[in-house]
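S.K.: Given next are the chains, with one letter for each unit.
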Amino acid sequence: MSLVNTSRKFAQICATKNPILFTAIRNHWNKDFKPAAFPKTQEERNAAAEKYGLISSEYKPYANDGTGMGDYPELPLTSGDSRDPHYPWDNPELKRNFNEPLHADFEMYGEDRYDVMFKHRTPVYKQFFQFTGVMLGIFIVYGVCENFKMFPGLIPKQYPLQGKKHYTFEVEE
Amino acid sequence: MGNIMGNGVSNGLNLYLHPEITPDPLKEPKNNPLEGFDKLRKERTVKATKAEMESAKIPLQNRDYCVDELLRFKACRKDVWPFAVQCEHEKHAYLNCQYEDYVIRMKEYERERRLMERSAALNAAA
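Respectively, the protein sequence lines represent chains A and B.
The opening position of the first sequence corresponds to residue 0 in numbering that gives the first Met the number 0, with each subsequent residue numbered one higher.
The opening position of the second sequence corresponds to residue 0 in numbering that gives the first Met the number 0, with each subsequent residue numbered one higher.
With the rest of the complex left out, here is chain A:
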């Protein structure tokens, strides 16, 4: 029993002297990231907004339709590619500021993933006409030229021992 007490005291001393060693182990488990239940009263909403670092007027949870988002806030969807690369982000790798709430599907919209705010250089209907125009144009040229295949002026190759007589252009004396 004394060994247990000694160990506990030792652990407490370590936790006070070197908290970084222990906070990393004891906090930020999966259960800590798990959102709480859907907020029903205004007090619960305010508490949830504060928990996620939002002001109460900006806080808007996902619809309570069974998707399991709980009280997690529905944040505007901005892709990593569309964020300002020249802004001095606290975390430039993720273009993210310290304590900034993350979108629920954050891992889907990184710079290496899908860009929801992507703008095409040409509109899609134009791209469709460009594609069909090029393909149809090539097909028409191909179809027309199919009738005019160039060829060297040669008769088919002559082979001996097949019951046919072939001649040179010299005459017998």
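Careful, some of the hints might be misleading.
What the hints assert, rightly or not - Here are a few chain B residues that sit away from chain A, every Cβ distance over 12 Å (derived from the structure): (1) S54; (2) K56; (3) R71; (4) R117.
Said to hold, decoys possible - Subject to a maximum C-alpha distance of 30 Å in a straight line, what follows is the list of computed DSBU-like cross-link-like pairs (lysine-lysine): (5) B/K106 to A/K156; (6) A/K156 to B/K77; (7) B/K46 to B/K29; (8) B/K49 to A/K163; (9) B/K90 to B/K38; (10) B/K73 to A/K163; (11) A/K163 to B/K46; (12) B/K77 to A/K118; (13) A/K164 to B/K56; (14) A/K156 to B/K38.
Said to hold, decoys possible - Label pairs and their computed distance ranges (CB to CB): (15) A/Y141 to B/D100: 30 to 38 Å; (16) B/K77 to A/V133: 33 to 41 Å; (17) A/Y141 to B/K46: 45 to 53 Å; (18) A/K164 to B/N6: 22 to 30 Å; (19) A/V133 to B/E42: 52 to 60 Å; (20) A/E145 to B/D100: 27 to 35 Å; (21) A/F150 to B/Y98: 14 to 22 Å; (22) B/Y98 to A/F127: 52 to 60 Å; (23) B/Q85 to A/F150: 56 to 64 Å; (24) B/N6 to A/K156: 12 to 20 Å.
Calculated from the structure, these hints are not laboratory results.
Small disclaimer: the values here were computed from a predicted structure and weren't measured.
The beta carbon of each residue, even a glycine, is placed where N, CA and C say it ideally should be.
Since the structure of chain A is provided, determine the placement of chain B on it from the hints.
M.R.: Frame of chain A, contents of chain B only:
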């Protein structure tokens, strides 16, 4: 080059626009090969027999009128291997023979084309 860059294109157009005076390169000539010659033309022959070609494993597409030169070339290579460069004369003879064969085919095509033109003109006159 002239057979492709210049004539090749017009050959293709002529075969579509004037098929009555343009021979099809994929069909054998229809005219009598001896027509218009005072004397008999020399026949093209090969000395090698089918058994010899089979024994030398000559591919079917190479069993043409140059197969004698090809057999000499391959026999030489076998004799002097690995100094195959010593067979340069045999190889030259074989390639020359292929060239002559090509020229004969071009001449036959031109002969066929002129005979077709002649018969078309005769038909138009009649």
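S.K.: Each hint should be assessed against the structure and marked as holding or not.
M.R.: Hint-by-hint comparison with the structure:
Look at B/S54: its CB is around 15 Å from the nearest CB on chain A, clear of 12 Å, so calling it non-interface holds up. At the 12 Å boundary, the C-beta of B/K56 stays outside the reach of chain A, the nearest C-beta of that chain being 17 Å off. The Cβ of B/R71 lies farther than 12 Å from every Cβ of chain A, with a closest approach of about 16 Å, so its non-interface assignment holds. For B/R117, the condition that its CB be more than 12 Å from all CB atoms of chain A holds, with the nearest at approximately 17 Å.
With a C-alpha separation of about 13 Å, the suggested pair B/K106 and A/K156 falls inside the 30 Å cut-off, and the hint holds. About 28 Å separates the Cα atoms of A/K156 and B/K77, which keeps this hinted pair within 30 Å; it holds. Taken as a hint, the B/K46 and B/K29 pair is honoured in the structure, with Cα atoms around 27 Å apart against an allowance of 30 Å. For the suggested pair B/K49 and A/K163, the alpha carbons sit about 15 Å apart, so the restraint of at most 30 Å is met.
Taking the CA atoms of B/K90 and B/K38, the gap is about 34 Å. The hint is violated against a cut of 30 Å. Proposed proximity of B/K73 and A/K163 is supported: the alpha carbons are some 27 Å apart, at most 30 Å. Distance hint between A/K163 and B/K46 is fulfilled; the C-alpha atoms sit about 16 Å from each other, no more than 30 Å. For the hint pairing B/K77 with A/K118, the CA-to-CA distance comes to about 69 Å; that exceeds 30 Å, so the pair is violated.
Our distance criterion of 30 Å between C-alpha atoms is met by A/K164 and B/K56, whose separation comes to about 25 Å. Between A/K156 and B/K38, the direct Cα distance comes to roughly 25 Å. Compliance with the 30 Å bound is thereby established for this hinted pair. Against the hinted window of 30 to 38 Å, the Cβ-Cβ separation of A/Y141 and B/D100 comes to about 33 Å, which satisfies the hint. A hinted range of 33 to 41 Å for the beta carbons of B/K77 and A/V133 is inconsistent with their spacing of about 55 Å.
Checking the proposed 45 to 53 Å range against A/Y141 and B/K46 shows it holds: the Cβ atoms sit about 47 Å from each other. Distance hint check: the CB atoms of A/K164 and B/N6 are about 28 Å apart, consistent with the given range 22 to 30 Å. For A/V133 and B/E42, the hinted distance range of 52 to 60 Å is satisfied, since their beta carbons lie about 55 Å from each other. A hinted range of 27 to 35 Å for the beta carbons of A/E145 and B/D100 is consistent with their spacing of about 30 Å.
Between A/F150 and B/Y98 the C-beta distance comes to about 19 Å, which sits within the given range of 14 to 22 Å. One distance hint, 52 to 60 Å for the beta-carbon pair B/Y98 and A/F127, holds here, with the actual separation near 53 Å. Our hint of 56 to 64 Å for B/Q85 and A/F150 is violated, since their Cβ atoms are close to 39 Å apart. Restraint check, B/N6 to A/K156: a C-beta distance of roughly 19 Å satisfies the suggested window 12 to 20 Å.
Hints 9, 12, 16, 23 from the list above are not met by this structure, while the remaining hints are.
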